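With the sequences and hints as input, model every part of the structure.
Numbering follows my numbering, in which position 106 of the sequence shown is assigned residue number 106; successive positions increment by one, without gaps.
Since the hints were made in silico from the structure, they are not lab data.
Remember, it's a predicted structure, so these values are computed and weren't measured experimentally.
Take the hints with a grain of salt, since some may be wrong.
Calculated pairs, DSS-like style, for lysine-lysine (alpha carbon to alpha carbon, straight line, at most 25 Å) [to be verified]:
#, residue 1, residue 2
1, K262, K272
2, K213, K189
3, K219, K262
4, K262, K190
5, K248, K272
6, K102, K164
7, K157, K190
8, K62, K87
9, K164, K262
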Amino acid sequence: MADKNRKGLGKGLDSIFGTDVGQFLDDIQNNAADAPGRKEIEIPVSDIRPNPYQPRKEFDDKALNELADSIKLHGIFTPLLVRPSVKGYELIAGERRLRAAKKAGLTTVPAISVSFTEEHMMEISILENVQREDLNPIEEATAYDSLIRRLGYTQEKLAERVGKSREYCANMLRLLRLPQDVQSMVTEKKLTMGHVRPLLGLDDEEQMYEAAKHIMAEKMSVREAEAYVRELNGRELPAKPSREKKEKDPLIRDLENRIGGKLGTKVDISGKALTISYSGTEDLNRILDLLNLIEESEM
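In structure tokens form, the structure reads like this:
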């Protein structure tokens with residue numbers, strides 16, 4: 001039986017979708033959950049418009065071709081989820097199936113039509129992809145930004161809805177401050193999020209881009225990239241430190257790296273002091289926010 005908390009779209013989004021949007025969509029498609037205007041139909045592929053809120057931009061051609069071959073042999077087992085539009089239908093869920101169906105030469109596809117609002121459609125589209133870990137880091141960051149800007153999510157609500165920590169969401173959102181060319185390097189899997197996150201501590205976009213190109217050209221590890229950026233900021237030790245200098249305890253080094261990774265900045269532990277570096281007022285406020293030391297005014 002369908003979960004009673006998921007019935008009736010007049011309720012708040014949280015009570016409708018629960019914490020697992022992917023499961024909610026599966027339930028609708030398997031006739032295990034109620035949805036307004038739910039109707040099983042067979043519709044022309046040409047009548048389906050893309051989902052304007054689909055956060056995923058990159059699709060694996062090999063996987064699509066394999067799915068298309070399967071559809072040719074067996075058809076589409078799980079109907080697409082659509083909603084009525086002024087002309088035809090808008091896709092809610094099933095982007096891969098629709099693309100593969102076109103590759104397979106299908107002219108019609110099975111679908112379930114439901115009467116979701118714009119707000120419902122946006123949240124469903126983004127949360128389903130995020131919860132199913134179907135996005136690259138830039139797509140994920142853009143999706144989070146959309147939920148904040150378009151649906152008025154706070155970072156606390158965002159973290160709750162996507163099942164991540166607030167710190168994780170904040171770090172993802174910071175990726176959107178990178179130059180577009182650097183974001184593309186992450187999207188194209190030339191660099192990882194770990195490689196580019198330290199770049200946010202640099203002074204300007206040009207320096208970030210040049211540093212990213214150097215990191216990629218030298219095939220640096222994440223730790224090497226972090227050290228390189230610290231050196232650019234003038235916070236690195238000399239390239240050849242004196243052998244007489246006492247080597248820091250590896251456990252302390254590990255603790256510095258873990259705290260620094262959490263805060264997205266350089267952390268130094270020496271003696272009985274812990275030093276957290278920041279590049280400016282904005283960066284300081286970001287760190288204070290991660291430490292929950294900034295009180296947010298209530299609306």
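Against the structure, test the hints numbered earlier, and report the numbers of the ones violated in rising order. Violated hints: 6, 7 and 8; rest satisfied.
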